[in-house]
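S.K.: With chain A held as given, fit chains B, C and D onto it using these hints.
So the chains spell out like this:
There are 4 protein chains.
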Amino acid sequence: MDLGFIGLGEMGQAIATNLLKAGHAVRVWNRSRERAEPLAALGAQVVDTPADAFRGDAVFSMLADDAAARAIFDDALLAQAPRGLIHVNMATVSVALAESLAHAHASRGLDYVAAPVMGRPDVAAAARLTIMAGGPAEAIDRVQPLFDAIGQKTWRFGSLPQHANVAKIAANFTLASAIETLGEASALLGAHGVAMRDFLDVITGSVFPGPVYEGYGAMIAERRYEPARFKARLGLKDVRLALEAGDAASVPLPVASVVRDSLLDALAHGGGDQDFAVLGEAALRRAGR
Amino acid sequence: MDLGFIGLGEMGQAIATNLLKAGHAVRVWNRSRERAEPLAALGAQVVDTPADAFRGDAVFSMLADDAAARAIFDDALLAQAPRGLIHVNMATVSVALAESLAHAHASRGLDYVAAPVMGRPDVAAAARLTIMAGGPAEAIDRVQPLFDAIGQKTWRFGSLPQHANVAKIAANFTLASAIETLGEASALLGAHGVAMRDFLDVITGSVFPGPVYEGYGAMIAERRYEPARFKARLGLKDVRLALEAGDAASVPLPVASVVRDSLLDALAHGGGDQDFAVLGEAALRRAGR
Amino acid sequence: MDLGFIGLGEMGQAIATNLLKAGHAVRVWNRSRERAEPLAALGAQVVDTPADAFRGDAVFSMLADDAAARAIFDDALLAQAPRGLIHVNMATVSVALAESLAHAHASRGLDYVAAPVMGRPDVAAAARLTIMAGGPAEAIDRVQPLFDAIGQKTWRFGSLPQHANVAKIAANFTLASAIETLGEASALLGAHGVAMRDFLDVITGSVFPGPVYEGYGAMIAERRYEPARFKARLGLKDVRLALEAGDAASVPLPVASVVRDSLLDALAHGGGDQDFAVLGEAALRRAGR
Amino acid sequence: MDLGFIGLGEMGQAIATNLLKAGHAVRVWNRSRERAEPLAALGAQVVDTPADAFRGDAVFSMLADDAAARAIFDDALLAQAPRGLIHVNMATVSVALAESLAHAHASRGLDYVAAPVMGRPDVAAAARLTIMAGGPAEAIDRVQPLFDAIGQKTWRFGSLPQHANVAKIAANFTLASAIETLGEASALLGAHGVAMRDFLDVITGSVFPGPVYEGYGAMIAERRYEPARFKARLGLKDVRLALEAGDAASVPLPVASVVRDSLLDALAHGGGDQDFAVLGEAALRRAGR
Chain A
0 MDLGFIGLGE MGQAIATNLL KAGHAVRVWN RSRERAEPLA ALGAQVVDTP ADAFRGDAVF
60 SMLADDAAAR AIFDDALLAQ APRGLIHVNM ATVSVALAES LAHAHASRGL DYVAAPVMGR
120 PDVAAAARLT IMAGGPAEAI DRVQPLFDAI GQKTWRFGSL PQHANVAKIA ANFTLASAIE
180 TLGEASALLG AHGVAMRDFL DVITGSVFPG PVYEGYGAMI AERRYEPARF KARLGLKDVR
240 LALEAGDAAS VPLPVASVVR DSLLDALAHG GGDQDFAVLG EAALRRAGR
Chain B
0 MDLGFIGLGE MGQAIATNLL KAGHAVRVWN RSRERAEPLA ALGAQVVDTP ADAFRGDAVF
60 SMLADDAAAR AIFDDALLAQ APRGLIHVNM ATVSVALAES LAHAHASRGL DYVAAPVMGR
120 PDVAAAARLT IMAGGPAEAI DRVQPLFDAI GQKTWRFGSL PQHANVAKIA ANFTLASAIE
180 TLGEASALLG AHGVAMRDFL DVITGSVFPG PVYEGYGAMI AERRYEPARF KARLGLKDVR
240 LALEAGDAAS VPLPVASVVR DSLLDALAHG GGDQDFAVLG EAALRRAGR
Chain C
0 MDLGFIGLGE MGQAIATNLL KAGHAVRVWN RSRERAEPLA ALGAQVVDTP ADAFRGDAVF
60 SMLADDAAAR AIFDDALLAQ APRGLIHVNM ATVSVALAES LAHAHASRGL DYVAAPVMGR
120 PDVAAAARLT IMAGGPAEAI DRVQPLFDAI GQKTWRFGSL PQHANVAKIA ANFTLASAIE
180 TLGEASALLG AHGVAMRDFL DVITGSVFPG PVYEGYGAMI AERRYEPARF KARLGLKDVR
240 LALEAGDAAS VPLPVASVVR DSLLDALAHG GGDQDFAVLG EAALRRAGR
Chain D
0 MDLGFIGLGE MGQAIATNLL KAGHAVRVWN RSRERAEPLA ALGAQVVDTP ADAFRGDAVF
60 SMLADDAAAR AIFDDALLAQ APRGLIHVNM ATVSVALAES LAHAHASRGL DYVAAPVMGR
120 PDVAAAARLT IMAGGPAEAI DRVQPLFDAI GQKTWRFGSL PQHANVAKIA ANFTLASAIE
180 TLGEASALLG AHGVAMRDFL DVITGSVFPG PVYEGYGAMI AERRYEPARF KARLGLKDVR
240 LALEAGDAAS VPLPVASVVR DSLLDALAHG GGDQDFAVLG EAALRRAGR
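Residue numbers (numbering that gives the first Met the number 0), protein chains in the order written: chain A, 0 to 288; chain B, 0 to 288; chain C, 0 to 288; chain D, 0 to 288.
Derived by calculation from the structure, the hints in this document are not laboratory data.
If several chains are the same, the list does not tell them apart, and a pair holds so long as it fits within one copy or across any two.
Derived lysine to aspartate or glutamate pairs resembling EDC-like cross-links, with alpha carbons at most 20 Å apart:
#1 Lys236 / Asp246
#2 Lys20 / Asp147
#3 Lys230 / Asp65
#4 Lys152 / Asp197
#5 Lys152 / Asp200
Just chain A, with the same shape it has in the complex (with noise of 0.2 Å):
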């Protein structure tokens, strides 16, 4: 297919490699062109404005939050697209931006997807990203190729974008509340003499299986922060849709406020640019210890 990709960051780079790998032709854009030389060497073509990207049969799109987002992504932009494109959405973005691209894109007739995954970088350059997806059926059916040469699994949210996007808000906000619990938990089986290993042990290998407490529970069993795989100023961006979607629709989130807090303390401590699991050292910082 003749795809376009807009935001070559991390996750970017490796979602476009796949569909290159794939065999299918891609050009590229990034605000800063030299993050798209490397997809250039594997065959694609580096464009010089997201409106030559935003063309073909489908676009795909990486950007790193609402702001740049609504900056590209704009009435010129769409109005230069030709009709029936398909706009697939990767970004975690806010509902009510998504709701605002959905109507900007169908007035256009455009079609905008919502795919937002789980995973990392890692994750995403194995083409092992689970996938939710939002939007009218036949154009994720177009797509589908697409998510499967770059993701394991891909999960539908029926045809209104946002939706997808509301899903992966609530899974997002489970992980972060998932680490502040295992950070609490350290701190007080630290206050108590008892190895936060060995208390992983018990539930990793019994209620608690899985890549979330085993992956953060060892980082904040080793009060090891570093390198971040995911930063945990990402991760308060994160906590900030949660409660944004929250104070849309008057839902009290009130363990989402919790992390939200925990989340400043840790960055107010200079630890936004370390990994997620640093709520682990804010609470242990909070205990004394």
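M.R.: Just chains B, C and D, lined up with the frame of chain A:
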């Protein structure tokens, strides 16, 4: 071996049954004698006083709470016990009580092993409990065959019995936090029109596998809180233990505080005897849903 | 003096009235012109555009929120204003907007004075507002006689306008916390059979005198939330500003988070247009009362 | 009148002194006798056992906590007391203990009056305490002249003693919340460059007059937590009583939970013997300040 068993609630009955099945002689005592009768049919000797049970090679106990344990395991009981007796306390008791019992037993020449378990009555019946053991290594070695008859795995937490209790309390807190989080996520999803079931499929099929997210998640998705497999008021008891253990060691546990308040909300609305998953209903109610 | 006034909600009308009574010429503008008519009867000149009001010696503004202020005070408006004009913004806006407006005005040779106020419309009508002023000292000196005509006291927060906004936001947060606390206390007292009124008499007659504990306390004691003197949804707007200001500077505000969640609970139950005191009802509801 | 007085901490000494000054005969007892000596110089009779003090017309008590009260006011003590004796317990005890003591006294034909007070030792010395009284009306009538000798005002909470304790606990919670809020506000202001002192001047000069915002606010503004007029660990004891009272009646108190966690943070950092205002330092620390 010549065993005693004190406390025949649902868990106690299941465990004692497996000890009998493994061929041990078991003297059983329960406050209300009728709960002991089914075990008599399996060969247990029903005795009239805790003291009658508190002798032989080892005695197991599984009482409802700290108050019950304090009332039974008093100085008089310990004074009449044979030196060398191993007391295996499988109940989830407070850290403070565990410490106090450990001292009281040691001063009488008795071995005290804390062995709280993870798993509900059906798991106990299947001899698949996860056992968290703390106490003198030789004592645990001697009862390990018994543990093998009732559980699938024993995790050791060193020679201080209370360490096993701290770990158990932390595990219960982790569980409570996960349920509360699922409840809040459910309210968020519902308010935005997304089916909790779809969300659950994604997270349990990817980063949050395991029985907690699956089991409690399903109950919350269906708003089905009966029959209770583990009652909300017992969950509250466990969260209180976490908060007390935190308080005693100056460890703030803000997520535990949130769960406690949410459980009180649930109890105030008649949910005390419903399943722990009723935390989800409290979250939905706060969101006006 | 030759004045403009933009934004004639209840507060704006009361303040503009007092400026007219003090003998100043006032050009008034409001989005819906009918709210300006009562002032015309007092001698105000009703103008057709914000730009018509945004000239003379000084212009006051009292708009509903950040969005309204951003929409009105744009580059075009500032560009056409006479150099030396003093803009006195009395609205409670975000710290970020205050900073941004201060820069925009300064770059155009205009003076920007933040002057948020404490006091509801009846206090404004009585010219008894408490004014918190920030901005260039000479500019504040020049408008001080105007402040004296509308308020009982002006407190100065130095030359950076946003400092006055931070202080106002912190004051609103303190207010919100006191109301939430009274609500929780009310639930506690009621559950134990003690009359809130008796409790209020003690604390307001001893360590908590003043209008907040007396006024909001009485409404909570009577479970009377209408007519709203200050609506819950405006209270939520203020708490959001506190949380945003905290977030921007990495300051956790756990009590503000609690109040926010409690306000969302109130809104979810139809209390958005009821008085801020409806926080008490949310606390009672969570306690099943 | 012929009085007894049990418990001569700072508060007890000051109150007993005023009873002596008012011309009453007072038998005094304290666990460590040396604290009773200064009162002997004022005419008190120092006695050897609580029972020696627990007779006459009325006995006042002011013990440190529930545990001390439970240890002293046991069945043996009550059994030997003369029928008709009025026991005035001025300590801040739990609702549960107040209820239990009320029953125990009534069953022995003794009157039990709960009379917790607001005011620190200097206020007690000046006979300016605020007294919150609960118990049989005739009993309170009889001791009212004594209350008038030690306090400035007595507020009555009806015939159930524990109602006065609930009100006292709610008042302490209100106090704790106000201090925590000032601490959080202080962190917010400081992070944005605004002086806490300037903020305090505004709020105490307008909507938040009174000793709490002024006194604790000043300590927080100056980050001065010694000498402690009321220690953080005593504040924590009071917040625990509020949480327990809430728990017993299924009343969530999320602000109390926040304060508790903040106090644990303070204790974990060595602030237990500093003033209650050290809550402000905990808030600053969480903000990295």
